[in-house]
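When the letters of the sequence shown are read in order and numbered with the working numbering, they come out as residues 31 to 173.
Take these hints with a grain of salt, some might be off.
Stated by the list, open to error - Computed cross-link-like contacts, DSS-like style, restricted to lysine-lysine with a CA-CA straight-line distance of at most 27 Å:
1. K32 / K141
2. K141 / K126
3. K145 / K32
4. K126 / K69
Calculated directly from the structure, the hints in this document are not laboratory data. All of these numbers come straight from a predicted model, not from anything done at the bench.
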Amino acid sequence: MKRFRFRLETVLRHREALEAQAEQNYQRAQVMVEEANVKIRAQETRRREAMQIAPDEITDTARLQNRERFLLTVQAAIALLEREREAAGIVADMMKTELVAARQAREALSKLREKDVAEHTFLTLREEQNALDEMATMRHGRV
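Go ahead and model the full structure; you've got the sequences and the hints to work with.
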């Protein structure tokens, strides 16, 4: 019985490596999106805490102006972080598309390999059966 050898094994291994790399890239992109979400939530918490101090509680004009500047700064930081999150989301979508393409390319070769294995097994079994039939015919002919 011949040993099975897939003629495109190196290509299959390469596509598996590409798929693994695409998976890592996608996971990194998802982490970037989540990090941006965490930063946004932190800034929103800072803004809420600053907003809890009622303007009439602040008697000093300078402190009131500082609070307003702080709120504007936090709001600008939130807007910047939201743009970063949006960009990270776009990158994550691109990485997901690449992952899907890499997975499909690998699966196509995997299916071809499975088909070749099935064909090899069928041919091997047929050869063995033919050999057994030949042996039986030769034995029967001698008797």
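Each hint, compared with the structure:
Distance restraint check for K32 and K141: the Cα-Cα separation of roughly 21 Å lies within the 27 Å cut-off, and the hinted pair is therefore satisfied. Only pairs whose Cα atoms come within 27 Å are accepted, and K141 paired with K126 is accepted, the gap being roughly 22 Å. Proposed proximity of K145 and K32 is supported: the alpha carbons are some 17 Å apart, at most 27 Å. Proximity of K126 to K69 is assessed by CA-CA distance (about 23 Å); at most 27 Å being required, the pair is judged to hold.
Checked against the numbered hints listed earlier, the structure breaks none of them; every hint is satisfied.
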